[in-house]
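Single-letter residue listing:
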Amino acid sequence: MSEATKDAVAPAPAGATATGTSFTDRLRRPAPYLWLAGSVLLLLFPFYLDRFWLQAGLFAMAAAIGAIGLNLLTGSTGQLSMGHAFFLAVGAYGYCILGGESSTENGHALTGLGLPTWLAAVLAVLLAGAAGGLFSPIAGRLSGAYLGIATLALIFIGQHVLFNAGSLTGGFNGRPVPPLSLFGFTFDDAEVVVAAVPFQSSEKLWYLGLAALLASGLFARGVLRGRPGRALNAIRDHRIAAGVMGVPVARYRAGVFVLSSMYAGLAGVLLALVFQRTVPEYFGMILSLEYLAMIVIGGLGSVAGAVIGAAFVSLLPQVLTHYSDSLPLVSAPGTGGIAPGEASRYLYGAAVVAVVLFLPGGIARLKTPGEKKK
Amino acid sequence: MKLRVVGAVVAALTLTLAGCSEKAKSSDDGAADKNGVKTGEGVTDSKITLGALTDMTGVYASLGKSVTQAQQLWVEETNKAGGICDRQIELTVRDHGYDPQKAIGAYTELEPDVLGFTQFIGSPFVSAVESRIDGQDKGIVLPQAWSANLVGSEYVRVIGATYDVETINLIDFLLDEKRIAKGDKIGHVYFEGDYGENALAGSKHAAQEAGLTVVEQKIKPTDNDMTAQVSALKQAGVKAVVVSAGPRQAASLVGVAAATGFDVPVVGNNSAYAPQLLATQAGAALQKDYYIGSSTLPIGDAAAGPAKLSKAYGAKYPKDGLDNGVIAGYNAATVFGEALKKACESKDLTREGVGKALLTIKDFGADFGISHDFTDPAAPSTRETVVMKPDAKTPGGLKVVRPAEVAPAAESFTLKP
Numbered sequence: 001m002s003e004a005t006k007d008a009v010a011p012a013p014a015g016a017t018a019t020g021t022s023f024t025d026r027l028r029r030p031a032p033y034l035w036l037a038g039s040v041l042l043l044l045f046p047f048y049l050d051r052f053w054l055q056a057g058l059f060a061m062a063a064a065i066g067a068i069g070l071n072l073l074t075g076s077t078g079q080l081s082m083g084h085a086f087f088l089a090v091g092a093y094g095y096c097i098l099g100g101e102s103s104t105e106n107g108h109a110l111t112g113l114g115l116p117t118w119l120a121a122v123l124a125v126l127l128a129g130a131a132g133g134l135f136s137p138i139a140g141r142l143s144g145a146y147l148g149i150a151t152l153a154l155i156f157i158g159q160h161v162l163f164n165a166g167s168l169t170g171g172f173n174g175r176p177v178p179p180l181s182l183f184g185f186t187f188d189d190a191e192v193v194v195a196a197v198p199f200q201s202s203e204k205l206w207y208l209g210l211a212a213l214l215a216s217g218l219f220a221r222g223v224l225r226g227r228p229g230r231a232l233n234a235i236r237d238h239r240i241a242a243g244v245m246g247v248p249v250a251r252y253r254a255g256v257f258v259l260s261s262m263y264a265g266l267a268g269v270l271l272a273l274v275f276q277r278t279v280p281e282y283f284g285m286i287l288s289l290e291y292l293a294m295i296v297i298g299g300l301g302s303v304a305g306a307v308i309g310a311a312f313v314s315l316l317p318q319v320l321t322h323y324s325d326s327l328p329l330v331s332a333p334g335t336g337g338i339a340p341g342e343a344s345r346y347l348y349g350a351a352v353v354a355v356v357l358f359l360p361g362g363i364a365r366l367k368t369p370g371e372k373k374k
Numbered sequence: 001m002k003l004r005v006v007g008a009v010v011a012a013l014t015l016t017l018a019g020c021s022e023k024a025k026s027s028d029d030g031a032a033d034k035n036g037v038k039t040g041e042g043v044t045d046s047k048i049t050l051g052a053l054t055d056m057t058g059v060y061a062s063l064g065k066s067v068t069q070a071q072q073l074w075v076e077e078t079n080k081a082g083g084i085c086d087r088q089i090e091l092t093v094r095d096h097g098y099d100p101q102k103a104i105g106a107y108t109e110l111e112p113d114v115l116g117f118t119q120f121i122g123s124p125f126v127s128a129v130e131s132r133i134d135g136q137d138k139g140i141v142l143p144q145a146w147s148a149n150l151v152g153s154e155y156v157r158v159i160g161a162t163y164d165v166e167t168i169n170l171i172d173f174l175l176d177e178k179r180i181a182k183g184d185k186i187g188h189v190y191f192e193g194d195y196g197e198n199a200l201a202g203s204k205h206a207a208q209e210a211g212l213t214v215v216e217q218k219i220k221p222t223d224n225d226m227t228a229q230v231s232a233l234k235q236a237g238v239k240a241v242v243v244s245a246g247p248r249q250a251a252s253l254v255g256v257a258a259a260t261g262f263d264v265p266v267v268g269n270n271s272a273y274a275p276q277l278l279a280t281q282a283g284a285a286l287q288k289d290y291y292i293g294s295s296t297l298p299i300g301d302a303a304a305g306p307a308k309l310s311k312a313y314g315a316k317y318p319k320d321g322l323d324n325g326v327i328a329g330y331n332a333a334t335v336f337g338e339a340l341k342k343a344c345e346s347k348d349l350t351r352e353g354v355g356k357a358l359l360t361i362k363d364f365g366a367d368f369g370i371s372h373d374f375t376d377p378a379a380p381s382t383r384e385t386v387v388m389k390p391d392a393k394t395p396g397g398l399k400v401v402r403p404a405e406v407a408p409a410a411e412s413f414t415l416k417p
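Protein sequences, first through last, are from chains C and W. Counting in UniProt numbering, the first sequence runs from 1 upward without gaps. Counting in UniProt numbering, the second sequence runs from 1 upward without gaps.
Rather than coming from a laboratory, the hints here were simulated on the basis of the structure. Values in this document were obtained by computation on a predicted structure and should not be read as measured data. Do not take every clue at face value.
Stated by the list, open to error - Stretch by stretch, here's where chain W covers chain C in the computed footprint (C-beta under 8 Å, at least three residues):
id : segment
1  : 78-90
2  : 169-182
3  : 245-258
4  : 315-322
For glycine and all other residues, C-beta sits at the position ideal for the given N, C-alpha and C.
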């Protein structure tokens with residue numbers, strides 16, 4: 001159980017070294033250097049990578065934030081949710097409605113409140129939380145597969161509303177996403193030249209995405225490592241025992257549901273900013289299933305697992321498509337054989353099976369042999 | 001130990017990468033080859049790369065396949081004939097499976113490397129990137145959708161009449177044939193979304209002009225059984241039905257209407273028919289009193305253009321059936337090729353040059369029964385519609401009943417962008 005709350009790459013097993021780690025000890029380990037090199041690389045990417053890769057990375061970051069949220073709910077508390085796509089949609093559309101101006105597009109009148117976009121982003125996250133809160137009487141009482149089925153309804157209701165509430169959502173064609181503006185700096189496609197490299201929306205959003213991911217990751221880690229995290233794990237492992245020990249089970253379940261919805265809302269806002277247009281088609285059941293695949297592949301119950309899983313699931317199709325010309329078996333579209341999109345679905349289907357069979361803890365629990373010794 | 005090595009490698013890699021960035025701004029604009037032809041994105045001395053964003057695994061899989069294969073056929077033919085501007089054409093295809101993330105990802109991926117797009121299926125995705133196309137990318141995009149929403153951009157050019165214009169022409173056909181008259185009610189079964197809503201705008205306009213009343217029936221793409229709609233329309237006493245939906249819905253509508261003795265003519269937009277329908281139970285009913293509007297001749301027509309294309313297509317893809325996606329795709333690629341040729345003449349193969357060249361194209365595409373005019377970005381390339389009828393005996397399953405014609409009501413119709 002303590003395993004579940006630990007970061008895979010964080011220095012050493014907590015039980016053995018937590019008390020005796022001095023600063024110099026830490027410096028001798030490779031992990032801090034890896035972190036440092038990784039961070040520098042991540043910060044440098046916008047200067048070197050094409051927009052395509054940056055966009056793929058941004059999708060992965062948004063997915064990672066959403067997956068962290070789902071992992072809190074499903075991985076740490078054992079509550080199955082199929083409604084994650086719904087909360088993503090609430091975040092994405094909430095941001096557009098709050099931050100967009102009223103306008104007419106293609107004969108549709110679009111309602112927008114025209115709030116400052118940073119405020120709209122914050123409110124959209126809170127709105128997703130509120131939507132989760134409205135559902136929490138149900139989320140607090142149901143568990144496991146029952147909750148999964150109950151949340152399934154959210155997707156269908158959500159998509160029906162998205163398609164039909166034309167003046168709010170723009171209907172079938174969706175609505176444009178206002179670019180985020182923070183302290184006078186706008187994350188739009190206007191070129192800003194930094195060190196001879198033109199920065200457009202993807203480059204600018206990259207740093208925003210990194211910051212959002214870091215903050216979400218640290219917050220979730222804080223929750224999991226502290227008292228609430230232990231309570232959540234206790235609920236997952238034995239609900240009655242947790243109740244006997246004084247954990248208010250229903251309240252915790254409802255609370256974690258709200259928290260996970262807010263994570264989904266934030267992911268939705270970021271996704272909308274990357275898409276530059278929200279389309280109702282996207283927020284369907286497949287999306288929810290993909291999020292579940294992410295946390296299973298990455299590792300249930302840990303922040304690093306969610307991030308790894310999200311990167312795997314959202315980057316795989318893009319990578320396969322990009323290199324479809326040079327990969328065996330995967331064929332270019334139109335020539336027969338397996339299309340890249342299908343190939344990636346097969347691959348992560350296989351990954352889910354392989355992970356469940358051979359790595360019950362997910363990819364995040366892969367450790368070098370040396371580290372296993374206590 | 002192992003980790004330390006990895007760390008060192010990562011660090012070294014970082015340092016190498018930091019050495020130089022290819023993204024740093026360089027001024028390669030206005031590069032010209034030895035013949036003085038200006039080139040830009042997607043054009044080298046020997047190659048012109050075009051993109052196609054298609055759907056071969058999603059909801060529009062059958063259309064996407066026909067369109068893409070027809071365009072690949074065009075590329076092959078063009079290259080055999082020596083290419084354009086002494087350059088071979090290359091078509092890079094990406095299948096997005098009607099998934100926005102993949103579609104937008106694919107556009108972003110291909111955009112820096114191609115001159116333009118001969119195909120982009122899915123109007124929501126085209127709308128999603130439209131601001132980028134108009135604002136910075138400025139490459140020509142030819143969407144395979146006929147919604148009026150897409151008209152108005154200098155770079156996103158719809159080939160053919162938009163759904164609203166097509167619907168007006170179809171209703172005009174019914175009036176001409178004396179199937180309906182002033183004061184009658186007509187039913188309109190349409191998809192939610194821009195296709196159906198755009199067509200509805202057309203039928204409302206036509207109804208107003210001719211003194212008809214429209215009875216609306218909105219459906220979802222997932223509704224396959226039209227029994228409820230048919231009985232509602234029957235109850236309302238409509239004299240004809242317009243269907244702006246998919247082939248499946250059209251077949252169900254016509255089939256159910258015939259089975260319940262509801263004997264009215266049904267007209268449908270170009271997306272409301274597929275030759276595969278003829279093999280279904282509704283096949284006989286469809287051949288009786290169902291009409292389709294389209295901005296090209298049917299692939300099975302005896303005219304030179306379709307006949308030649310169907311022969312070449314049949315030879316290259318013997319296993320695949322012929323449908324109107326073949327013509328639509330081939331036509332779009334030909335338009336692009338025409339623009340490339342004109343741009344080559346004026347020695348400017350940049351995106352800007354091709355964009356300008358496209359704006360000079362008039363009287364194009366008479367091979368397929370309708371001439372297109374691309375000089376005005378605010379208008380559809382044509383307002384004419386060919387009316388066709390399903391027919392099991394012709395390859396492609398359609399025969400012409402009224403050649404290209406534009407209704408007075410369609411001529412005066414102003415698009416609502």
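Status of the hints after comparison with the structure:
1. 78-90: The restraint on the segment 78-90 of chain C is violated, since only 0 of its residues have a Cβ under 8 Å from chain W and three are required.
2. 169-182: Held - the segment 169-182 of chain C has 5 residues with a Cβ nearer than 8 Å to chain W, which meets the minimum of three.
3. 245-258: violated (count 0)
4. 315-322: With 4 residues close enough to chain W, the hint holds.
Hints 1 and 3, counting from the list given before, are not met by this structure.
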